[in-house]
Amino acid sequence: MANSTTAKTKAVEPAQSASMMAVIAPAVGWLIPGAGHLIQRRWIRGLLLLISIGTLFLLGLLMQGHIYKANGGDILDILGFIGDLGAGGMYIATLAMNAGQGAIAFAIADYGTKFMIVAGLLNFIAVADAYHIAIGKKQ
Amino acid sequence: MTVQLTHFSAAFVFALFASIVFGITHRETTREMVRYGLKCFAMFLGGALAAGWAMWLVRR
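If you read the protein sequences in the order shown, they are chains A and B. If you read the first sequence in the working numbering, its first letter stands for residue 1, the second for the next number, and so on. If you read the second sequence in the working numbering, its first letter stands for residue 1001, the second for the next number, and so on.
Since the hints were made in silico from the structure, they are not lab data. Any given hint could be a false lead.
[Claimed, not checked] Negatives, chain B to chain A, calculated, CB over 12 Å:
hint	residue
1	1023
2	1024
3	1056
4	1057
[Claimed, not checked] Short, incomplete list of chain A residues facing chain B, as computed with Cβ under 8 Å:
hint	residue
5	24
6	47
7	48
8	52
9	55
10	59
11	63
12	74
13	122
14	139
No experiment lies behind these values; they were computed from the predicted model shown. Think of the CB as a built atom: it goes at the ideal place given N, C-alpha and C, for glycine as much as any other residue.
Pulled out of the complex, with its shape left as it was, chain B reads as follows (with noise of 0.2 Å):
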């Protein structure tokens, strides 16, 4: 059995996931986990699309 991601997908799961963790191990109280955990997500997943605007605006 294999899994065939695409790239936004890919970038998707693995900011959701590393999120998680992030939130979980680098935070005390559940807010701030929950707070902290969207914050990876948000610039994970942004800096992800910036970075492959940015690639889009260089290549042309």
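Only chain A is shown next, with the shape it has when bound in the complex (with noise of 0.2 Å):
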């Protein structure tokens, strides 16, 4: 009896854990890019993430890129902040810093503004392969 009941417990406890981190790694990787990938203890594709991201990102900020805030105009002002919302931490600093809120004046501008989506963009992606891995799916 006490042996079924300890048979039990174990087999609910990796599936309790594996139903957490199902919610808890996408929140995270949402928040810091490659983080969902970090706490699943994939290292060096967390890293990658991290870096990719965070760099593309950053480097649409310092070419003088636009980031949009919610609004409900033009279609592509609202695409546009979909994207940007993708990046999660860095786009809420971003705003907390009131950076990124220049003209789009000249080209390299253009550029980094497309930059800082982009990433947010592939910060999605990168949540939902934490989704997966947490969910087993993927190693």
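Now that you have both chains on their own, put them together as the hints suggest.
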């Protein structure tokens, strides 16, 4: 009797842990790019994602890129906001510092704007990947 | 502080980082990740160069 209870507890524990990780990993991964992989001990993948997405976003900002806020206007502005939002913590920090508010006055600034949007979109993919690892769909 | 990239270096940086993320997220094993990342990088940069030359031809 005691043995069967212990066996059930052992079986339930990994399932609960996996379901918790399936929520925590994407959330942390959205806030800090690559962190969803890092908390699942995928060190190299996590660091590469952090460096790639972080550098792309930071370069976009340094290239005088524009960051979009929540808006209900032009469809491209809405899509820009959705892309930027993917960068999670970096997007929030950028808004808090009131950075990336300039007008897109030259080509490089436009590239910078796209860099930040793409960094956010790549982070969405990284979040989905962290979720797949958490549910055991991917190693 | 601002960064001024040329058109080519901007395309290079974009291709590099996007390829790394694509490689990691779209494949299972390390070997496949590296191969797919390199393929994406070549396609990104090759596509940009091809489009550039195509526009040059159209302009003539």
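Now the hints, each set against the structure:
Some Cβ of chain A comes within 12 Å of the Cβ of residue 1023 of chain B; the nearest lies about 9 Å off, and the non-interface call is violated. Look at residue 1024 of chain B: its CB is around 5 Å from the nearest CB on chain A, not clear of 12 Å, so calling it non-interface is violated. Every C-beta of chain A lies more than 12 Å from that of residue 1056 of chain B, the closest at about 17 Å, which supports listing it as non-interface. Separation of residue 1057 of chain B from chain A is adequate, the least Cβ-Cβ distance of about 21 Å exceeding the 12 Å criterion.
A least Cβ separation of about 19 Å between residue 24 of chain A and chain B goes past the 8 Å threshold, and the interface hint is therefore violated. Given the 8 Å rule on beta carbons, the hint for residue 47 of chain A is violated: about 10 Å separates it from the nearest Cβ of chain B. Taking 8 Å as the C-beta contact cut-off toward chain B, the hint placing residue 48 of chain A at the interface holds, the least distance being around 6 Å. This hint holds: residue 52 of chain A has a C-beta 4 Å from the nearest C-beta of chain B, less than the 8 Å allowed.
Among the interface hints, the one on residue 55 of chain A holds; its C-beta lies about 6 Å from the nearest C-beta in chain B, closer than the 8 Å criterion. At its closest, the beta carbon of residue 59 of chain A sits 6 Å from a beta carbon of chain B; the interface hint therefore holds under the 8 Å criterion. The beta carbon of residue 63 of chain A is positioned within 8 Å of a beta carbon in chain B (closest approach about 5 Å), and the interface hint is therefore held. Taken as an interface hint, residue 74 of chain A does not check out: its beta carbon lies about 24 Å from the nearest beta carbon of chain B, beyond 8 Å.
A distance limit of 8 Å between C-beta atoms decides the matter here; for residue 122 of chain A the minimum to chain B is near 4 Å, and the interface restraint holds. Residue-level restraint check for residue 139 of chain A holds (minimum Cβ-Cβ distance to chain B is 6 Å; threshold 8 Å).
Consistency with the previously given hints fails for numbers 1, 2, 5, 6, 12, ordered from lowest to highest.
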